[in-house]
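Participant: Go ahead and model the full structure; you've got the sequences and the hints to work with.
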Amino acid sequence: MERKDYLQNARASGGVLTLTPNIFPSKRLNINSQLQVVSVQIQLKSLITVCFIYLPPNEIIRQTDLDDLIKQLPVPFIILGDFNGHNTLWGSVDTNARGRQVEKLLDDHSLCLLNNSSFTHFHPATKTFHTLDLAICSPSLAPYWDFSVSDDLFNSDHFPIILTYSRNDFNFPKRPMRFIFDKADWHLFNSHCEFTQDMVRQPDVNKAVDSVTKCLLKAADMAIPKSSGNLPRLYKPWWNDNCKAAKKAQRRAWDKFRRYPTTANHIAFKQAKSFFRKIRRQS
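Residue 33 in full-length UniProt numbering sits at position 33 of the sequence shown, with consecutive numbering throughout.
It is worth saying that the hints were derived from the structure and are not from the lab. Since the model is a prediction, treat every value here as computed from it, not as a measurement. Check before you lean on any hint, since a few could be wrong.
[Unchecked claim] Within a straight-line C-alpha distance of at most 35 angstroms, the following computed DSBU-like cross-link-like pairs (lysine-lysine) qualify:
no.: 1; residue 1: K244; residue 2: K174
no.: 2; residue 1: K236; residue 2: K4
no.: 3; residue 1: K183; residue 2: K248
no.: 4; residue 1: K104; residue 2: K127
no.: 5; residue 1: K45; residue 2: K27
no.: 6; residue 1: K104; residue 2: K27
no.: 7; residue 1: K207; residue 2: K218
no.: 8; residue 1: K236; residue 2: K278
no.: 9; residue 1: K218; residue 2: K183
Facilitator: Here you go:
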């Protein structure tokens, strides 16, 4: 975990944080900047710099600070964050000063914007959707990463943005697959696991062991299912049926509001959200 906290009048405000899974080698990259940024280098198929940034909406951001940040990032890099800028370039209905500032940054440094037309922010007061969170990258990375947005707010006012590696030339870490013996069909296993005299009566004991092993594995592959090898999700001991039902009700209210953004549906969503928060705290 890497973080940069920000205090305003002795109170926490803004700040950035990144979590990187320990299955990927990574290290923090020290950035000399007044901006709210944190950057790490991650070893995937190759070494990639990932920078997370937050630009407060009412703070004056100097273009030179943004330029200096770009100069400090080893290429190739990806910049992710809440820029709080509007620009028709990424689907906004208008363009403001911050949006023009980010557009200038893209042009001056020949950077690529990965965003599509998806909204990334919901403004509860006006019940409107906007695009404030951007994914910017070096040109060499643009063809290989697909941008998408989750359709769930997860109790925030920002939708999580997701970058997906689009090529199949990288093997993501997996756990070794194992046999699930509790689900084995032992009758089928016995019918295919037949040892013969020729298997064991061989002058070379290693060849005999190899023949028996192949016979066992062949039968096991046919009769015993295997685990997927995918890394498991972290277990939440406090999660129960009440949490599950409350989350489902909140999601149902949210989906209804997104389809029909009326005041009544917005109130229903806020009530469901509040109830879900209460249930989680009681669990």
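Participant: Which constraints among the numbered hints does this structure fail? Numbers only, ascending.
Facilitator: As far as the earlier hints go, not one is violated by this structure.
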